[in-house]
Amino acid sequence: MPDLLIELFSEEIPARMQAKAREDLKKLVTDGLVTAGLTYASAGAFSTPRRLTLAIEGLTAESRPVREERKGPRTDAPAAALDGFLRSTGLSKDQLEVRDDKKAQVYFAVIEKPGRQAAEIIAEVLDSAIRSFPWPKSMRWGSGNLRWVRPLQSILCLMSDEAGSTIVPMEVDGIRAGNTTEGHRFMGAGRFAVSNFDDYRAKLLKNKVMLDAAEREAVIWQGATNLAFAAGLELVEDRGLLAEVAGLVEWPVPLLGRINDAFLSLPPEVLQTSMKEHQKFFSARNPKTGRIEGFVTVANIEAADAGAAILKGNQKVLTARLSDAKFFWENDLREAKAGMSVWRQGLEAVTFHNKLGSQAERIARIAALAAEIAPLVGADAAVAKQAAEVAKLDLRSAMVGEFPELQGLMGMYYAQAAGLPEAVAKAARDHYAPLGPSDAVPTDPVSVAVALADKIDTLTGFWAIDEKPTGSKDPFALRRAALGVIRLVLGNGVRSKLLRMSRSGLALHLDLKAMNRLASESPTEEISKFVEILREFEPDSADSKAEIENRLKMMGAASHAANLIESLFKQKVAYETYNSAPDQLVSFFHDRLKVFLKDQGIRHDVIDACLAMPGADDLTLLVKRATALQAFLTSEDGTNLLQGFKRANNILSQAETKDGVEYSFGADPKFAESDEERALFAALDTAEQSIAPAMNAEDFAAAMGAIAQLRAPIDAFFTAVQINTDNQIVRRNRLNLLHRIRAVCTGVADLTRVDG
Amino acid sequence: MAEPTALPRSFQEIILRLQTYWGGQGCAVLQPYDMEVGAGTFHPATTLRALGSKAWAAAYVQPSRRPTDGRYGENPNRLQHYYQYQVLIKPSPPNLQELYLGSLRAIGLDPMIHDVRFVEDDWESPTLGAWGLGWEVWCDGMEVSQFTYFQQVGGHDCKPVSGELTYGLERLAMYVLGIDHVMDMPFNDPDAPIPLKYGDIFRQTEQEYSRHNFDAATTDMLFQHFKDAEAECERILSFAPEDPNSGKRIVMAHPAYDQCIKASHLFNLLDARGVISVTERQAYIGRVRALAKKCADAFVQTEAGGWQPEAVA
Chain A
1 MPDLLIELFS
11 EEIPARMQAK
21 AREDLKKLVT
31 DGLVTAGLTY
41 ASAGAFSTPR
51 RLTLAIEGLT
61 AESRPVREER
71 KGPRTDAPAA
81 ALDGFLRSTG
91 LSKDQLEVRD
101 DKKAQVYFAV
111 IEKPGRQAAE
121 IIAEVLDSAI
131 RSFPWPKSMR
141 WGSGNLRWVR
151 PLQSILCLMS
161 DEAGSTIVPM
171 EVDGIRAGNT
181 TEGHRFMGAG
191 RFAVSNFDDY
201 RAKLLKNKVM
211 LDAAEREAVI
221 WQGATNLAFA
231 AGLELVEDRG
241 LLAEVAGLVE
251 WPVPLLGRIN
261 DAFLSLPPEV
271 LQTSMKEHQK
281 FFSARNPKTG
291 RIEGFVTVAN
301 IEAADAGAAI
311 LKGNQKVLTA
321 RLSDAKFFWE
331 NDLREAKAGM
341 SVWRQGLEAV
351 TFHNKLGSQA
361 ERIARIAALA
371 AEIAPLVGAD
381 AAVAKQAAEV
391 AKLDLRSAMV
401 GEFPELQGLM
411 GMYYAQAAGL
421 PEAVAKAARD
431 HYAPLGPSDA
441 VPTDPVSVAV
451 ALADKIDTLT
461 GFWAIDEKPT
471 GSKDPFALRR
481 AALGVIRLVL
491 GNGVRSKLLR
501 MSRSGLALHL
511 DLKAMNRLAS
521 ESPTEEISKF
531 VEILREFEPD
541 SADSKAEIEN
551 RLKMMGAASH
561 AANLIESLFK
571 QKVAYETYNS
581 APDQLVSFFH
591 DRLKVFLKDQ
601 GIRHDVIDAC
611 LAMPGADDLT
621 LLVKRATALQ
631 AFLTSEDGTN
641 LLQGFKRANN
651 ILSQAETKDG
661 VEYSFGADPK
671 FAESDEERAL
681 FAALDTAEQS
691 IAPAMNAEDF
701 AAAMGAIAQL
711 RAPIDAFFTA
721 VQINTDNQIV
731 RRNRLNLLHR
741 IRAVCTGVAD
751 LTRVDG
Chain B
1 MAEPTALPRS
11 FQEIILRLQT
21 YWGGQGCAVL
31 QPYDMEVGAG
41 TFHPATTLRA
51 LGSKAWAAAY
61 VQPSRRPTDG
71 RYGENPNRLQ
81 HYYQYQVLIK
91 PSPPNLQELY
101 LGSLRAIGLD
111 PMIHDVRFVE
121 DDWESPTLGA
131 WGLGWEVWCD
141 GMEVSQFTYF
151 QQVGGHDCKP
161 VSGELTYGLE
171 RLAMYVLGID
181 HVMDMPFNDP
191 DAPIPLKYGD
201 IFRQTEQEYS
211 RHNFDAATTD
221 MLFQHFKDAE
231 AECERILSFA
241 PEDPNSGKRI
251 VMAHPAYDQC
261 IKASHLFNLL
271 DARGVISVTE
281 RQAYIGRVRA
291 LAKKCADAFV
301 QTEAGGWQPE
311 AVA
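Quick mapping for you: the protein sequence lines, in order, are chains A and B. Residues 1 to 756 in my numbering are what the first sequence lists, from first letter to last. Residues 1 to 313 in my numbering are what the second sequence lists, from first letter to last.
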């Protein structure tokens, strides 16, 4: 079984694309080989800045022969049908077989594909992989037409086994596959030939290239950690940066430098961000002071002077960069201490979204919402409002202008510098959170209030202008905002009134009073009639607009009709949005909640059973109920009770459908004929007595425990008692008794929606 | 490996070495374009010559003006007038990276001592309707050049593709010469009878132009000139190709493109004066791009742009 080695050698591939590219190469080639009838034992993909490499072991030397039979048209079918069949099979008429098929004779094509040599297949598969490679961005170069991420310089494509190795003959846009490659751009010794993967890897190493990105990462991390330790510092972990740097070098050489004392007064996050973004430096912290005092840069060369010139150069660039950062920081601090009024004014000129106004307007809405939400989360309304008004001012600071990822954090520093309460400073830092699923949820009440207000404003705003997410399109990250609300609410046990919050948010986006104002400010009969007429019509429909205009003309009021109609239509849309959007938003939250709870192992049907209960816009209550129900249903009593409930509910529903009445009242123990029946009456009485207080206390576990007590009486009842007896009074009484079972059970959760 | 090279001693020596090097690699060493431009790319030797099918190789220094970057000569790195070194080769040769590294060795940056890296950086010029893929080249963590494979210019696909190199000369030279403030950089040889530093030549002009660009330039006039350049560009291109005087086919792509360059610089001046709002900015950039596109359309109708008279049957 031969092995296959492929290397696509190019000019420098962007670091951020390498990991996906090597996986894409592996998938494209192995899928192609398998589709063509080859099998293989294992495959491994590698990347460096200048190459993508694929090593496949245990490839079959040729593909299996394939015999394919295809049924064609009947022999008496029109000629066109036969022609089509011949075209699609590539055969001539005399190559077809005629077979009996039911009552007619039918043409059959038998196509035999002989096995093919692996080399032939590889050449085809690799050619198509290169030409269809899914680079995020690709380019042409020189006079060629091929597209690659950067100029592709050579292709190595080699099959090898115990007997030796052979080049797979192939050529892509003038680049002929061979058995040679190059090592490190500066430290390598030119082109060399290889005979198989082990030889390839070993020769690369000799030519100062570490093929495996994971190995380069390990070397960088180990080297950098050691350097930091020797200097009395500790390296700040940054996996993203590590992966990126490993994609920038073929031979990593970490070097440690010290940050000039003049910059140590900068916030550590500023140092870290500046060094990372501009120079791909790791930060090194002094464990005693907690400050960032050093950096590690990773060179791609073992220089004769042990990196002295490289370090000196990097240090110089760093000094220039940090001088800028220090300049920003000092200017910003001055502005913060002066009250940030310049920033506040500046945000009036920054558009948040062209239909949702400026950042300043957005801040005003968030402040109003934060004050309203504050009591729900145990925060002081005035402080929450103040925090919301300050939280986004740092967007105008020079530092955030330079490093947008420091938004919020700089807000905290500047709020502190301005002498504002610590809760306000924290809210500035935390109100964007949680952003990702692994992001921590803020817990400080003021931060929670502002964070919720921030997201509710976003959601209601885009709902108000009808920019909802559709399918995979969610350009304003509204699903993330909704998930943020869910995690804030659940993480802090907030008794959320999402309907009310949504209404409040929407009211801030929609001018709801204009229509009434219009009617009251010009209280002519004419205007009142406009409003009346308008209410009858669908908004946004050209037909109805024309119709209204006609009617107005007939009333002799066409002169100022156009403007009025326009604004009245907007009003009508606003009203309808206000009426329909809150429910839509709550169900949007519920959809996100289902996904969230499913990840936590709560079943879909369990969630549905709880969503059907009143107060479902209180997510904390909802989850409490769902958790209890899921636990209940996994217990033996729960499973059996569910069976009993379903049986009772089915019999009752059938009877109700058949009789056309609802059996909902009047089960009376005096019509009970057996002990089992009387026992069920008694059990229901007992259960109801303990369920009511448990439900009041939202102790769903206790309520379900009480229901569980019904399991035995229900089972005994069904074993002993026939519901549909001839005695109509007894039958009706028993159906009414079943209704009590239904009422008691569905009072806790809608068990009709539970599977099983 | 290249033989060890003595380090250059002045700004002009670095320029001279680059000229010698790229001349030696077969580039036509051109002179700067005689108009105010924002970057070396604007020189017709790059913008226009990147279009069409004809082979091309040119290198030149281009004085460049970015009025918003004026700092009255005080900032160690920022200038409103500075020099770019520009190389354009079409089609891009397969060893362009090697050729480029040779130019670094020529000015004394030995990649066995320094850490030279090609870091992803895609280039785009919204005013020229141009983009390409490539890298910024880092030397010890500092960006010393831009390296781009042009994909489109003036809305036209580049076929063949040109390789473009741009060196920010002041920054590169400061690094090679170990200078911290641009004004302290020796312009000519420090041991010359009359040694001149960069500041001796440019400190005063930086002050004068900073004041002019930020406060003094007459905006009404600049707005008018912008409109005039725009109109003139379109007018020049509206002429029929056949010239009645000479009887020849003469498409006036270059004179039209001069007006496009003018409009672009006028926009930069207006921007520095702070009289163009954020929303207007995009509109102005779009207007310059429209001109650049029309000039590109015209250039590909010229001989240098690859146009050929249709074969007579």
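Hints in this document: simulated from the structure, not taken from any laboratory. Treat the hints with care, as some may be off.
To be verified - Once the Cα atoms are required to be at most 25 angstroms apart in a straight line, the calculated BS3-like pairs of lysine-lysine come out as:
hint, chain 1, residue 1, chain 2, residue 2
1, A, K93, A, K103
2, A, K658, A, K624
3, B, K248, A, K137
4, A, K473, A, K280
5, A, K646, A, K658
6, A, K137, B, K197
7, A, K27, A, K208
8, B, K197, A, K316
9, B, K54, B, K197
Stated by the list, open to error - Some, not all, of what chain B presents toward chain A, calculated at C-beta under 10 angstroms:
hint, residue
10, F118
11, E120
12, M142
13, G155
14, D157
15, A283
16, W307
We put the CB at the ideal spot given by N, CA and C, even for glycine.
Pair hint outcome, K473(A) versus K280(A) [Cα-Cα no greater than 25 angstroms]: violated (33 angstroms)
Given the hint that K137(A) pairs with K197(B), test it: the Cα-Cα distance must not exceed 25 angstroms. Distance of about 44 angstroms is beyond 25 angstroms: violated.
Given E120(B) was flagged as interface, is its beta-carbon under 10 angstroms from a beta-carbon of chain A? holds (3 angstroms)
Per-residue hint verdict: W307(B), partner chain A, C-beta under 10 angstroms: violated (19 angstroms)
Was the hint right that A283(B) lines chain A, CB cutoff 10 angstroms? violated (15 angstroms)
Going straight from one Cα to the other, do K54(B) and K197(B) come out at no more than 25 angstroms? Violated, because 41 angstroms separates the two Cα atoms, which is more than 25 angstroms.
Take the C-alpha atoms of K27(A) and K208(A), compute the straight-line distance between them, and say whether it is at most 25 angstroms. Between K27(A) and K208(A) the Cα gap is close to 28 angstroms, so the pair fails against 25 angstroms, i.e. violated.
For a C-alpha distance cap of 25 angstroms, please report whether K93(A) and K103(A) respect it. holds (22 angstroms)
Does the closest beta carbon of chain A sit nearer than 10 angstroms to the beta carbon of D157(B)? holds (8 angstroms)
Quick one, is the M142(B) hint okay against chain A at 10 angstroms, beta carbons? holds (5 angstroms)
Restraint check, 10 angstroms cut-off on beta carbons, for F118(B) near chain A: Result: holds, 4 angstroms to nearest chain A Cβ.
Below or equal to 25 angstroms on CA atoms is what counts here, so check K248(B) against K137(A). violated (43 angstroms)
In terms of the numbered hints stated before, the structure departs from hints 2, 3, 4, 6, 7, 9, 13, 15, 16, listed from lowest to highest.
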